[in-house]
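**Student:** With these hints in hand, go ahead and build the complete structure from the sequences.
These protein sequence lines map, in sequence, to chains A and B. Take the first sequence: its position 72, counting from 1, is numbered 1066 in my numbering, and each next residue is one higher. Take the second sequence: its position 3, counting from 1, is numbered 112 in my numbering, and each next residue is one higher.
Mixed in with the good hints there might be a few duds.
[As the list claims (entries may be wrong)] The calculated label-pair distances, taken between Cβ atoms and stated as ranges, are: (1) A:Ile1459 - B:Gly158: 45 to 55 Å; (2) A:Gly1249 - B:Arg131: 25 to 35 Å; (3) B:Arg132 - A:Lys1427: 41 to 51 Å.
[As the list claims (entries may be wrong)] Simulated crosslink set (DSBU-like; lysine-lysine; CA at most 35 Å straight-line): (4) A:Lys1470 - B:Lys202; (5) A:Lys1470 - B:Lys136; (6) B:Lys202 - A:Lys1083; (7) B:Lys136 - A:Lys1142.
[Said to hold, decoys possible] Chain B residues, not near chain A, derived (Cβ > 10 Å throughout): (8) Lys136; (9) Val137; (10) Asn138; (11) Gly139; (12) Arg140; (13) Pro141; (14) Leu142; (15) Leu143; (16) Thr187; (17) Ile188; (18) Asp189; (19) Gly190; (20) Arg204; (21) Met205; (22) Glu206; (23) Glu208.
The set of hints was computed from the structure by calculation and includes no laboratory data. Ideal Cβ positions, reconstructed from N, Cα and C, are used throughout, including at glycine.
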Amino acid sequence: MRADYFDVVVVGTGAAGVGAAYEFAGQKCRVLFLDENGHTGGQLLRGYGLGKRAPGGKRERSGRPRKDKEKGLGRFAGLFTDPVKGRRKILADALGRPNITVMQGARVLGIYPERTVCIQAPRGGIFNLKPRFIILATGARERFLPFKGWTLPGVISLGGAQILMKESWILPGRRTVVAGAGPMVFSLGGAITRNGGEVAAVLDSTGPSAKKEFFRQWPPQFSRLKEGALDMATLLASGIPVRQRRMVLEARGEGRVEEVVTAGVDPSGRKVPGSEKTYSGDCLAVGRGFIPNLELPASAGAALTYRDDLGSWVVGVDEGLETSERGIFAAGETTGVGGGGKSLVEGRLAALSILRELGGGGASLEARRRSLVKKRAAELRFAAFLASLCRVPEAAFEELDNSVVVCRCEDITLGEIREMVAMGFHTPGQVKKACRSGMGNCQGRTCGPMIQEIVGRLTGEAPDIIPPLGARPPVKTVRLDALAAMAPIP
Amino acid sequence: MWNKGKGKKERGDLRIGATEGRRVVIKVNGRPLLAREGETVHGALLAGGIRGLRRSRRLGEERGGLCGMGVCCECLVTIDGEPDRRACMTPVKDRMEVETDES
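**Tutor:** Here's what the structure looks like:
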């Protein structure tokens, strides 16, 4: 196969990839979709994805249990909400088209000059492609705030807990404490309950005033309201304590989580004295919204920018979603975390921008493009609301003990990071070189964003001048024997 | 209320509902563990009561899966002799041999 066989390579088949697939389906261009996961559909459609036959042939891995297993109000959940049904159909239709190829379990190790995409196939072989266009839809990962005991087995991310249920049909714990910020705490609490698990409590660190903005969204967010109301109803009907303005102080236990110490929290992130309460449980699910996966776009040379309204670094894009690198587009969470709706719109928009340059897309292309640009603006307003819930409070690290581990791969503590900042290392990259934080297996994906926040608090510098950790290919861990066996670049 | 009775579910069983995935047997540190096709290694170990998967490099702390989506690398285990495989990204297969960093 020639390296320029494909006109377009799309990295990621999550919601943004689904959007792109919808527009590319049946057009006069050859498109390759790559996904690191063994399934298509990304995190939202995990367990719904295609291409992986359900074991036993019949079993529907829907993430929702069969009706007879549901309890309380959750029994009616399927009647009102199936946010993924439509996307699943789009994916099925698009992936069956002859101009579209999907490679699952493939990892993109880097993007070199002139849009050279370095791919590791599922069996380990490495090869390069040179498409005319690239769409980077690399998605997001969870954001964490460290606390005492967060490295104990049994502490899991909100998304990780959901994935266990959706994909493996396994509850995250016998009795789970759900804590953090953003809508995910409620949806996870609801999902565990509907699947017959026990939830000790659902703790949200923001207060009711933070959520008011939701009702000022235009256009109104009816479907999201419905989902939220349903989760809330499930939790309340099951008698599960739902507490606002509470945070986790410590996870305790011998080698695993046994109890979780929580406290009231004020808007600045300081604990309210005398408000401690301890919950017993063998699992603590925590998370504080999501941050874009910027490593691959950064390695491709795409300029990153800080978006104050979204409270995070994102890939800089123009109206048609092209990055600073000609021919490389970004769509979905990488341009700002806003959930599946935004990703779907952006995936379509990026595909239409490419189709316009390729001279396809039909007569209505311009009109569709304009309408998507408008929809994207609305989604970005919702993204800003989500970001306002998940923003890391000013005093988030103030009361934390020096012994708390920040970089989990290399066991670098908060005390060491503080020391490095005091010595004058003022970016995550400098701190990394000074003390190895971010040099481990995850390559700073977990600790990097936290260190950005810590540096900001300690130096008083604005977040837009503290860049994220740099990224160079290979952006994923790869075995040396695989690299050694690589075919030479043609 | 509804949630407290736990229904017919056995106490402590983390598997949801009557799963139809084919039963497979994997070996964890030499001991057999029952799993279902479609589960990840991370999920199967968790359902088998195994949370600690690796020891951290410097402090030697026990660690378990955090992100569940292949990012954090806290769930690295040895699978069929190959070290540093992500348990959360690897589906179980019959007769798979998994080794964790035991104490």
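**Student:** The structure should be examined with respect to each hint, and the outcome stated for every one.
**Tutor:** Each hint tested on the structure:
{"no.": "1", "hint": "A:Ile1459 - B:Gly158: 45 to 55 Å", "in the structure": "holds, 48 Å"}
{"no.": "2", "hint": "A:Gly1249 - B:Arg131: 25 to 35 Å", "in the structure": "holds, 33 Å"}
{"no.": "3", "hint": "B:Arg132 - A:Lys1427: 41 to 51 Å", "in the structure": "holds, 50 Å"}
{"no.": "4", "hint": "A:Lys1470 - B:Lys202", "in the structure": "holds, 24 Å"}
{"no.": "5", "hint": "A:Lys1470 - B:Lys136", "in the structure": "holds, 28 Å"}
{"no.": "6", "hint": "B:Lys202 - A:Lys1083", "in the structure": "holds, 29 Å"}
{"no.": "7", "hint": "B:Lys136 - A:Lys1142", "in the structure": "holds, 33 Å"}
{"no.": "8", "hint": "Lys136", "in the structure": "holds, 19 Å"}
{"no.": "9", "hint": "Val137", "in the structure": "holds, 15 Å"}
{"no.": "10", "hint": "Asn138", "in the structure": "holds, 15 Å"}
{"no.": "11", "hint": "Gly139", "in the structure": "holds, 20 Å"}
{"no.": "12", "hint": "Arg140", "in the structure": "holds, 18 Å"}
{"no.": "13", "hint": "Pro141", "in the structure": "holds, 18 Å"}
{"no.": "14", "hint": "Leu142", "in the structure": "holds, 13 Å"}
{"no.": "15", "hint": "Leu143", "in the structure": "holds, 13 Å"}
{"no.": "16", "hint": "Thr187", "in the structure": "holds, 14 Å"}
{"no.": "17", "hint": "Ile188", "in the structure": "holds, 14 Å"}
{"no.": "18", "hint": "Asp189", "in the structure": "holds, 14 Å"}
{"no.": "19", "hint": "Gly190", "in the structure": "holds, 13 Å"}
{"no.": "20", "hint": "Arg204", "in the structure": "holds, 16 Å"}
{"no.": "21", "hint": "Met205", "in the structure": "holds, 15 Å"}
{"no.": "22", "hint": "Glu206", "in the structure": "holds, 19 Å"}
{"no.": "23", "hint": "Glu208", "in the structure": "holds, 16 Å"}
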